[in-house]
Amino acid sequence: MTLQALDGLKVLDLGDYVSGPYCTKMLASFGAEVIKVEKPGEGDSSRRMGPFPGDEAHPEKSGAFLYLNTGKKSITLNIKTATGLKILKDLIRNSDILVENFQPGVMADLGLDPAILEKENPRLIVASITGFGQNGPYRDYKMSSIVGYALGGHQYIIGEPDREPLQGAGPQPEYQGGLHAFFGIMAALYSREETGRGQHIDVSIMECMTGFHQFTIIRYTYGGEIKPRSGNRYESTYPVTIYPCKDGHVALSASSVQQQELLYALIGKPEIAE
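Once you know that position 49 of the sequence shown is 59 in our numbering, the rest is easy, because the numbers rise by one and skip nothing.
If you're looking for bench data, these hints aren't it; they were derived computationally from the structure. Some hints here could point you the wrong way.
Quick list of in silico lysine-lysine cross-link-like pairs, BS3-like style, CA-CA up to 25 Å [what the hints assert, rightly or not]:
1) Lys20 <-> Lys82
2) Lys152 <-> Lys83
3) Lys256 <-> Lys237
4) Lys49 <-> Lys71
5) Lys83 <-> Lys96
6) Lys71 <-> Lys83
7) Lys49 <-> Lys82
8) Lys90 <-> Lys129
9) Lys96 <-> Lys129
10) Lys152 <-> Lys90
11) Lys20 <-> Lys90
12) Lys99 <-> Lys20
13) Lys96 <-> Lys71
14) Lys129 <-> Lys152
15) Lys20 <-> Lys96
16) Lys49 <-> Lys90
17) Lys96 <-> Lys49
18) Lys49 <-> Lys20
19) Lys82 <-> Lys71
20) Lys82 <-> Lys99
21) Lys96 <-> Lys256
22) Lys96 <-> Lys152
23) Lys96 <-> Lys82
24) Lys129 <-> Lys99
25) Lys129 <-> Lys20
Could you build the full structure based on these sequences and the hints that come with them?
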């Protein structure tokens with residue numbers, strides 16, 4: 011059996027919906043043993059997300075849930091009861107990594123804030139994913155996909171220049187939160203090799219989306235340029251867009267020199283490449 015980078019590591023997944031589960035999905039993909047904790051009778055909210063086979067909703071057949079939770083073990087546990095909380099603490103003592111995406115303050119209310127967890131398990135790495143981080147004036151605000159796109163600046167640059175801004179497709183902000191938590195955990199594991207101690211990783215989805223821009227912030231910071239919406243065109247590569255044609259539309263993406271030469275030859279205009 012092929013060894014994987016995270017073989018032997020134990021992960022406790024307290025996440026719900028997308029951000030936490032996506033983070034732990036990647037940890038599982040690298041060989042970690044992930045135990046997912048779900049609410050009794052309800053389960054993860056992504057169980058109610060489509061797509062479903064035949065468009066018939068079923069908690070065991072959600073494409074979103076199955077994608078986000080591959081390679082994991084799962085238990086149901088009511089952590090608001092004394093018995094459930096005791097079981098949870100036992101699991102934490104034997105874990106290397108804990109991932110959660112509760113609202114700020116929930117873990118502290120359960121008696122599980124990072125300072126207490128550090129005493130229980132000094133090697134534990136805790137990743138907390140929230141909309142706006144554990145501190146600051148926005149910490150208690152709710153995060154959703156449209157909020158992440160809008161406040162992160164992406165909605166302003168999506169759509170046609172003469173039309174209203176548009177929301178991007180899918181829960182990309184939540185995926186970005188999970189992705190950045192994964193990066194932080196990997197760095198913390200590397201640090202733990204030297205220090206023998208874990209860390210608390212505070213992930214703000216808002217900050218992830220702000221940092222997810224390609225050139226927008228750099229252009230404004232150093233040149234004062236406010237990027238306009240560019241529709242279906244991709245500014246730094248050509249041709250990458252959707253063209254209206256006589257009998258419909260065609261989407262082209264030829265970003266390399268070889269692809270462009272093939273495209274121009276295909277349409278009978280090889281001289282364009284020159």
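Hint by hint, here is what the structure shows:
no. : hint              : verdict
1   : Lys20 <-> Lys82   : holds (11 Å)
2   : Lys152 <-> Lys83  : violated (29 Å)
3   : Lys256 <-> Lys237 : violated (31 Å)
4   : Lys49 <-> Lys71   : holds (18 Å)
5   : Lys83 <-> Lys96   : holds (19 Å)
6   : Lys71 <-> Lys83   : holds (17 Å)
7   : Lys49 <-> Lys82   : holds (16 Å)
8   : Lys90 <-> Lys129  : holds (21 Å)
9   : Lys96 <-> Lys129  : holds (16 Å)
10  : Lys152 <-> Lys90  : holds (22 Å)
11  : Lys20 <-> Lys90   : holds (23 Å)
12  : Lys99 <-> Lys20   : holds (14 Å)
13  : Lys96 <-> Lys71   : violated (31 Å)
14  : Lys129 <-> Lys152 : violated (30 Å)
15  : Lys20 <-> Lys96   : holds (18 Å)
16  : Lys49 <-> Lys90   : holds (10 Å)
17  : Lys96 <-> Lys49   : holds (15 Å)
18  : Lys49 <-> Lys20   : holds (20 Å)
19  : Lys82 <-> Lys71   : holds (16 Å)
20  : Lys82 <-> Lys99   : holds (19 Å)
21  : Lys96 <-> Lys256  : violated (67 Å)
22  : Lys96 <-> Lys152  : violated (29 Å)
23  : Lys96 <-> Lys82   : holds (22 Å)
24  : Lys129 <-> Lys99  : holds (12 Å)
25  : Lys129 <-> Lys20  : holds (18 Å)
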